[in-house]
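Remember, this note's numbering sits 16 above the position in the sequence shown when you count from 1.
Note that these hints are calculated values from the structure, not bench results.
Since the model is a prediction, treat every value here as computed from it, not as a measurement.
Careful: at least some of the hints might be erroneous.
[As the list claims (entries may be wrong)] In silico DSS-like cross-links for lysine-lysine, where the CA-CA straight-line distance does not exceed 27 Å:
id, residue 1, residue 2
1, LYS211, LYS159
2, LYS283, LYS272
3, LYS136, LYS159
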Amino acid sequence: HTERNINLGFGAAFLLLVLTTGIALYSIAASGSFLTISAIVVLVGLAMILGAVSRRFLLHDLQERSRILNELQHARARFEGILSIAEDAIITVDLSQRIIFFNQGAENTFGYSASEVIGKPLEILLPKRFAESHYQHIVNFGKGLSGARRMGERSEVYGLRKDGTEFPAEASISKLQTEDGMIFTAALRDISERKQAEAAILKLNSELEQRVRDRTAELEASNRQLRQKSEENETFVYGVSHDLRSPLVNLEGFSKELGYVSNDLGKLLENPDVPGPVRDRGRKLLQTDMADSVRYIQSAVTRLSNIIDALLRLSRAGRVVYRTERVDTEALIRRIVESMRGTITERAAEVTTGDLPPAEGDAIAIEQVFANLIGNALNYLDPSRPGKIEIGSMPSDRPGYCCYFVRDNGLGISEAHAGKVFQAFQRLHPDRADGEGMGLAIVRRIVDRHGGRVWLESKAGEGTTFFVLLPVASDAETSRPATKA
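Sequences are here, hints too, so could you generate the full structure?
This is the structure we're talking about:
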């Protein structure tokens, strides 16, 4: 048909030129003028050229239209091929919501073949309880301005398989105005497996939450029992310590009395009436055996007295009623450092303080914590190098708490002993300081009662840093540079 149309177009153009030329000749004849043969030849040539050009343009236009049509046909074939093999169910319906396209994914999803559903109403693929609302949804969508609605932009839909089973699906829908009217294309994805997985996860989460609740209840019960036992132990220690105090005082008094008696015996032995052998034997007993025994007794009494005092301090740390208030940590540290100024000067130590936000807790107890830590830092400095102690703070991941630290470049603590330092009666360097090794145990007891935590980082020969996590006052300010104390 293309060649025929071209020939018709060429003939029409030639006829138009002949008619135009005839009209021109008639007009010239009517005016009494005549054209030469040359002029007529020129007109005829122009007519032929115009016809050829017209034929060429018409031919090019028709070829271009044919090429575009072929490309559209190929594109449509490719598009339909893609839709046919897509895993998602793709269904197209006309304005009356009858199915006009049903791809392979839809066949796999719904269990129908395309031939079974083409021309059928869409409602055969929907549970009855959703059919009417879905029909109205498509009608409203057709009247709206939006050309497409993606998956997830509306609530889940449910499909109905050929075997009567329902399944949840995500759906997207688009519309297109064609020469035959508006059509709607829906893409559905069966999310049954995902729903089952979500249900399984919800069940597992529920079971896990229940286990956590059960475990939490068990831990709370255990904590209550531990607190009760701890209170009982503290009461026992407190009572026993007081009970031991009385006989200990008596023992100390008797040992002193024994010393006085030894002195009196020594004076009696100097009497000239005492025989020489008896005097010599008595002197030996008094100056060696008796003196050593009295000294051992007094040393043991002093040691036992110190232990009882330490136990009482530890017991009081767990029993004392705290008064919670805003604690000016900077002023507190200044007081502690000033009280230790003599030791700091004696050991040529340099003490610096950084940002110390106000804490919230019992001021006396918190002062005891830092006094213990700073005192330990001074006691265990390395005499072979200038001592440095830094007191400061750092942000904490725990809301409402501040992490304070006391860092030194002292002797340090080996890994083998690091886990024991917070236990009672632990002294890692007994030759460097007096005491019963109760300081850090008391520190931990106080910090625990404030709901905080204390830990350390140390390396033997390099130094130690103690970290203390305590509640921070609500009006805590931002940090400032470190200063020398």
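Practice prompt. Please flag the earlier hints that this structure goes against, numbers listed from lowest up.
Written response: Of the numbered hints, just 1 does not hold.
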